[in-house]
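A.B. asks: Below, each chain spelled out in residue letters.
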Amino acid sequence: MKHTTRWIALGVAVVIVAFSVVLATQVGNDPRKDANTSHLAGKAAPKFTVETLDGATLSSRDLAGKTVIVNFWNTWCIPCKQEHPELTKFHARHNDDPDFVFLGIVRDDTKAATERWVKKYGDDWTIATDPGGKAALAFATRGQPETFAISPDGVIVGYQIGPSSVNGLEQLLSAARGEGT
Amino acid sequence: MTTAPDTERGVRGWLPWIALGVVVVVVIAWVAWPSGTTSDADRAHDLAAELRCPDCESLSAADSQTQSARAIGRDLRDRIAEGQSDAEIRQVYIDRYGESILLKPEQNGLGLVVWGLPVLFVVVAGAGLVVAFRRWRRTEPMTATADDEALVRSVRASKADGTDQRTDQR
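These protein sequences, in sequence, are chains L and U. Start counting the first sequence at 1; every next residue gets the next number (my numbering). Start counting the second sequence at 1; every next residue gets the next number (my numbering).
Read the hints as simulated data drawn from the structure, not as lab findings. Hints may be right or wrong, so weigh each one.
Covered stretches of chain U, as calculated for chain L (at least 3 residues, CB under 8 angstroms) [to be verified]:
| # | stretch |
| --- | --- |
| 1 | 62-68 |
| 2 | 72-81 |
| 3 | 92-99 |
| 4 | 123-130 |
Away from chain U, derived, C-beta distances all over 12 angstroms, residues of chain L [to be verified]:
| # | residue |
| --- | --- |
| 5 | 53 |
| 6 | 78 |
| 7 | 94 |
| 8 | 132 |
| 9 | 154 |
| 10 | 174 |
A virtual CB, placed ideally from N, CA and C, is assigned to each residue, including glycine.
Given the sequences, and given the hints that come with them, work out the whole structure.
C.D. replies: Rendered as structure tokens:
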């Protein structure tokens, strides 16, 4: 009983220190921790429906059995402009592959701005708008550009947060084809 | 042997603590008790307030007007209309984005520590106060000894005479 107060003070100190440590290291809620990761890797790709620039509807069902690279981008994002020449080169290499789809989904931008961009740069891969941002949400994007590789059996096998390079895209494509990297 | 007045005094001594406990329990219950039925729109707003806007670091989806935040709002309303529970909806977002999508830590696992430690702190600090109060109560009041009283009498007497007997004694 003589040292009860001392023990209680020690207990309070231990609790404060433990609380500080937990808060400092805590608890997985730092948004920066997840900023460059995708929790969808290794999981089934989300179902989505987007609208191509000619007004047709394109859904994930239409892409079943194909190797797909999905690139979220928009016309006002500087890193998207930086990666654009790389996308163009990459697509030119694989344009003839009937089992491969390169899909650009416009995130947080207007159809009119997208059409002006496509007319200016002559992008000849599939470009689609995302009404309501549902596809961007389904892929848990945090910004743009973000690129996902989907295998023919519908699994997300790789991703790139930020601008892609031709080499990076080739690695994603190899992973999606099951060729390893 | 405990007499009836002793028992009465003991109960009376605990009354303030019991009253304090009742007040604390009532306040916690009042704050934590769900208030009435919530509409689907309220549920969607409450859930959006728990979720971090994915493309803006420090705002909830309810407070942001980005496309992602608006998409989350629509998605939450759709899921509620489909009959999904709040826990199921939270889990969908955790699966997609990770725990960081939640503005507040989950109330399980390590997150429970964050919720539990402040409570533990209050309990331990309260126990400390109880021990301290009891110790103060146990401390016997100081009483003057016969020597003390004699010393005071002699000082008073010497002041009345105009001499200090203590000085004379030295």
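A.B. asks: Does each hint fit the structure? Answer for all of them.
C.D. replies: Verification of the supplied hints:
Three residues within the 8 angstroms Cβ limit are the bar, and the stretch 62-68 of chain U against chain L gives 3, so the coverage statement holds. Counting residues of the stretch 72-81 of chain U whose CB lies closer than 8 angstroms to any CB of chain L gives 3, so the stated coverage by that chain holds, three being the minimum. A stretch counts as covered by a chain when three or more of its residues have a beta carbon under 8 angstroms from one of that chain; for the stretch 92-99 of chain U and chain L the count is 5, and the coverage holds. Note: the stretch 123-130 of chain U has 4 residues with beta-carbon separation from chain L under 8 angstroms; the three-residue rule is met and the coverage holds.
In this structure residue 53 of chain L is separated from chain U by more than 12 angstroms, as the shortest Cβ-Cβ distance comes to about 19 angstroms. No Cβ of chain U comes within 12 angstroms of the Cβ of residue 78 of chain L; the nearest lies about 15 angstroms off, and the non-interface call holds. At the 12 angstroms boundary, the C-beta of residue 94 of chain L stays outside the reach of chain U, the nearest C-beta of that chain being 29 angstroms off. Its beta-carbon lying about 6 angstroms from the closest one in chain U, residue 132 of chain L breaks the requirement of being farther than 12 angstroms from that chain.
Distance check on residue 154 of chain L: its Cβ is at least 16 angstroms (rounded) from any Cβ of chain U, clearing the 12 angstroms threshold; non-interface status holds. Distance check for residue 174 of chain L against chain U: the nearest CB is about 26 angstroms away, which clears 12 angstroms, and the non-interface claim stands.
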